[in-house]
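Participant: With the hints as your guide, set chain L onto chain Z.
Number of protein chains: 2
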Amino acid sequence: MKKSALSQLGRRTEAPPISWLMQLTLDHPNLISLAAGFTDNESLPVVETRESLNEILASPGSGRAALQYGSTAGDPHLRRLTADRLWKLDSMEGTDFNSSADAFPRRAGDVRGALRRHGVAARGNYSPERMLITSGSQQLLYMLSECLCELGDIVLVEDPTYFVFLGIAQSHGFSCRGIRLAADGIDVSHLEQTLESLRRRGELNRVKMLYLVSYSQNPTGITTSFVKKAAALATLKRFELAAGHPIYLLEDAAYRELRFAGNDEASALAAEGADERVIYTGTYSKPFATGVRVGFGILPKPLLKVVLRVKANHDFGTSNLLQQLLCRALASCRYETHLSQLQRRYARKAATMTRAMREHFPAEVLWQEPRGGLYIWARCPGPVKSGVKSKLFQRALKHDVLYVPGELCYADDPTRRKPNHEMRISFGGATESDIRTGIARLGATLREL
Amino acid sequence: MKKSALSQLGRRTEAPPISWLMQLTLDHPNLISLAAGFTDNESLPVVETRESLNEILASPGSGRAALQYGSTAGDPHLRRLTADRLWKLDSMEGTDFNSSADAFPRRAGDVRGALRRHGVAARGNYSPERMLITSGSQQLLYMLSECLCELGDIVLVEDPTYFVFLGIAQSHGFSCRGIRLAADGIDVSHLEQTLESLRRRGELNRVKMLYLVSYSQNPTGITTSFVKKAAALATLKRFELAAGHPIYLLEDAAYRELRFAGNDEASALAAEGADERVIYTGTYSKPFATGVRVGFGILPKPLLKVVLRVKANHDFGTSNLLQQLLCRALASCRYETHLSQLQRRYARKAATMTRAMREHFPAEVLWQEPRGGLYIWARCPGPVKSGVKSKLFQRALKHDVLYVPGELCYADDPTRRKPNHEMRISFGGATESDIRTGIARLGATLREL
Chain Z
0 MKKSALSQLG RRTEAPPISW LMQLTLDHPN LISLAAGFTD NESLPVVETR
50 ESLNEILASP GSGRAALQYG STAGDPHLRR LTADRLWKLD SMEGTDFNSS
100 ADAFPRRAGD VRGALRRHGV AARGNYSPER MLITSGSQQL LYMLSECLCE
150 LGDIVLVEDP TYFVFLGIAQ SHGFSCRGIR LAADGIDVSH LEQTLESLRR
200 RGELNRVKML YLVSYSQNPT GITTSFVKKA AALATLKRFE LAAGHPIYLL
250 EDAAYRELRF AGNDEASALA AEGADERVIY TGTYSKPFAT GVRVGFGILP
300 KPLLKVVLRV KANHDFGTSN LLQQLLCRAL ASCRYETHLS QLQRRYARKA
350 ATMTRAMREH FPAEVLWQEP RGGLYIWARC PGPVKSGVKS KLFQRALKHD
400 VLYVPGELCY ADDPTRRKPN HEMRISFGGA TESDIRTGIA RLGATLREL
Chain L
0 MKKSALSQLG RRTEAPPISW LMQLTLDHPN LISLAAGFTD NESLPVVETR
50 ESLNEILASP GSGRAALQYG STAGDPHLRR LTADRLWKLD SMEGTDFNSS
100 ADAFPRRAGD VRGALRRHGV AARGNYSPER MLITSGSQQL LYMLSECLCE
150 LGDIVLVEDP TYFVFLGIAQ SHGFSCRGIR LAADGIDVSH LEQTLESLRR
200 RGELNRVKML YLVSYSQNPT GITTSFVKKA AALATLKRFE LAAGHPIYLL
250 EDAAYRELRF AGNDEASALA AEGADERVIY TGTYSKPFAT GVRVGFGILP
300 KPLLKVVLRV KANHDFGTSN LLQQLLCRAL ASCRYETHLS QLQRRYARKA
350 ATMTRAMREH FPAEVLWQEP RGGLYIWARC PGPVKSGVKS KLFQRALKHD
400 VLYVPGELCY ADDPTRRKPN HEMRISFGGA TESDIRTGIA RLGATLREL
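Taken in sequence, the protein lines are chains Z and L. Following numbering that gives the first Met the number 0, the numbering of the first sequence begins with 0 at its first residue and continues without gaps. Following numbering that gives the first Met the number 0, the numbering of the second sequence begins with 0 at its first residue and continues without gaps.
Please note that a few of the clues may not be correct.
If several chains are the same, the list does not tell them apart, and a pair holds so long as it fits within one copy or across any two.
As a list, the in silico DSS-like pairs of lysine-lysine whose alpha-carbon atoms are at most 30 Å apart [unchecked claim]:
| id | residue 1 | residue 2 |
| --- | --- | --- |
| 1 | K236 | K390 |
| 2 | K300 | K417 |
| 3 | K2 | K304 |
| 4 | K300 | K390 |
| 5 | K388 | K2 |
| 6 | K397 | K304 |
| 7 | K388 | K304 |
| 8 | K236 | K384 |
| 9 | K304 | K417 |
Hint data in this document are derived by calculation from the structure and do not stem from the laboratory. Please read all numbers here as calculations on a predicted model, not as lab measurements.
One chain only, chain Z, in its complex shape:
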């Protein structure tokens, strides 16, 4: 029997790049991986987790509650704590870090202004009733793709973007179009041009959302200003009549709390019209522990209803024990304490990496000082390609160092050639000593070419 029983989705879904990147790691035992999106191992909150779990499991009452099924939407207490946290983040003035890298203009004034303009209305956007808890924010990206995107549909993404999202698109058979990135987020006029050209070609009815990884973006590290988010939202709105349906702004704030320099920006939830069009996703996996897979989302009510139905079919609710653990960590301030330590730790690891890059990388390789997240995005000079089949990638492997080829982070967008001379390198998982050695090896490889 030659034919398989697979569905179209089953046939179509390709292996994620992460599988063969991991296989390379296994095949090269001395390899230093600057590719993995793992978080820092030494600072994982072992003590905080133990204390929190012991409190929960000390009494039969709270212990049993944590070990029983919860609701599909998630624990009400965790939703309230999370919603309140978000509201505070969006309504307070951006914190000022003592960072020499602080070169961008501050947006705190804009944010305050925007919030003032929307006043009480904005508070309602942060209601626990608009929120659901998920198994990492990844699960929400998946369910939203299922609920909104059909085979042949179009999602607008940053160019480059989070490559696992591109994998979801590939699996579901919708396509992604890249919107150019500037230092403060997407180029809003390019967004407008793209929408306009889709309108002219009669494809606007296929456009379902704009996906932005808005804080310390994976892979570039760029943070989108609030002003740009608000402008993007307004731009989408102008094309809705021609599209014939809502076009959502999906804001993925996975790296928001991993900022260690510069100011915070308010989320798109603070913008005008956000209640009906903005989907905000966040996660506790990266700021707390990646082994604890708890994410969350705030959604327009009609969309939330549909996603909850799908979530009921997926798993009827994220593990209650993990949710209670986060409730306890948040309520006891262990979370906050851990987070400040983590931010300082990543700041140090990032500094270790940039110091090594200044020492070992040729001056022709361009990159920005990171202000948060886990990644540095480095651009090789024109002739030097960085793709999987490139000399650079293969020689780096021989030198026992691995990066994520930039091409993996670009959508298959027919309107431009896919760039192929960038690298995503991570200071998240590797030790400081491995960061120094890995960058030295990568620098040596670069200088060879």
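Facilitator: Chain L alone, transformed into the frame defined by chain Z:
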């Protein structure tokens, strides 16, 4: 704007019955719910969980490992422990419980014979390499539906079956056909007739699998004999040439470990040809703790590859902390100790329920003595309907008692009228006192009609 941006799936997916059943519970504060599939609250393993987690989180080494990302397939140690457990269950002689309800013939001889016939070959079916860990077995049911079933496809199910699976089918737009159930599992000749009639109508190419909840089935409590599983597998095989592709047997063993009377039956993994066609799913949620959502599956290798790609898009792996918790509980024998207590407890709760049913139910209501699982399936006499709109259901609500109407557990199968005079009642979640009161109320309602 009238049109929504939803995909076909987003538009199609209906609210799960569980949502309005839960809403009813909230609307009737004095309601005793015999509907919920919750597990026994008092016996949840609070101490075992605390001890296991403290061991894991006592040292930075094991603590950090549990708090970091794992692999998409799941922790290798947990996969090995689980695979070994399954192999032992399938290869040992059925345990003899002292149960007065033991009226079915024992199958242990058949199982041993079957295993002997396949010898070494069968051992390979229980390889950790064929296994993945999921967020509850529900997630695997979902991913398999995605990977195998297209809009318009057909899955054969027990008549009645697990209603959340029917929800997944509804959402994905594939249909289910019911195969009649006997006391020892599906009627294999009805399976054959159904396949034959689908072949004649040219619909066999849409048939992707047979889904069996094979141990203490939800909702009927029926356990499928190994002989029937092997016969069903052989029957499916005979129709594959006409179908043009493999037809899988999906065995859902969610309630296998919750058996408290009668003998175990070997799984379909022990049958001939299982390595290429049997998908086995199990879970630690129900036997250990529903707040800890860890399930597992054993799959034919080519299918496993595809499901792992999809799992990478869903969540790139189930929470490592929960997996380590189960490893520790299994390796320390806390799991086994807890399980025996749990089985005794459910035996007692089931006895409490059947005693009350004998006292309060009219003799015309038919039901079987449960031997495991969480449910009793009761059939009302011909004229008494049990559906959502029935007098029985509405009057039961007035008497403050809730059951799951049997009709929810039947597929929309055009070849027969949907039965509408059965009830699923659970002894899992309610206290013994509530079981007695709930059954008395339900009995009073039944006698009124």
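Participant: My question is about K300 and K390: at a cut-off of 30 Å on alpha-carbon distance, are they close within one copy, between copies, both, or neither?
Facilitator: neither (50 Å within a copy, 34 Å between copies)
Participant: Could you figure out if K388 and K2 sit no more than 30 Å apart (CA to CA) within one copy, between two copies, both or neither?
Facilitator: neither (32 Å within a copy, 45 Å between copies)
Participant: Is it within, between, both, or neither for K236 and K390, if the alpha carbons may be no more than 30 Å apart?
Facilitator: neither (45 Å within a copy, 50 Å between copies)
Participant: Measure nothing new, just compare the shortest in-copy and cross-copy C-alpha distances for K236 and K384 to 30 Å and report within, between, both or neither.
Facilitator: neither (39 Å within a copy, 51 Å between copies)
Participant: Which holds for K300 with K417 at a C-alpha limit of 30 Å: within a copy, between copies, both or neither?
Facilitator: neither (37 Å within a copy, 34 Å between copies)
Participant: State whether the alpha carbon distance between K388 and K304 is at most 30 Å within one copy, between copies, both, or neither.
Facilitator: Answer is between: at 24 Å across copies they meet the 30 Å cutoff, but 45 Å inside does not.
Participant: At most 30 Å between C-alpha atoms: does K304 with K417 qualify within a copy, between copies, both, or neither?
Facilitator: between (37 Å within a copy, 29 Å between copies)
Participant: If the cutoff is 30 Å on CA atoms, where do K2 and K304 land: within, between, both or neither? Let me know, please.
Facilitator: Answer is between: at 16 Å across copies they meet the 30 Å cutoff, but 38 Å inside does not.
Participant: At most 30 Å between C-alpha atoms: does K397 with K304 qualify within a copy, between copies, both, or neither?
Facilitator: between (51 Å within a copy, 29 Å between copies)
Hints 1, 2, 4, 5, 8 from the earlier list are contradicted by this structure; the remaining hints agree with it.
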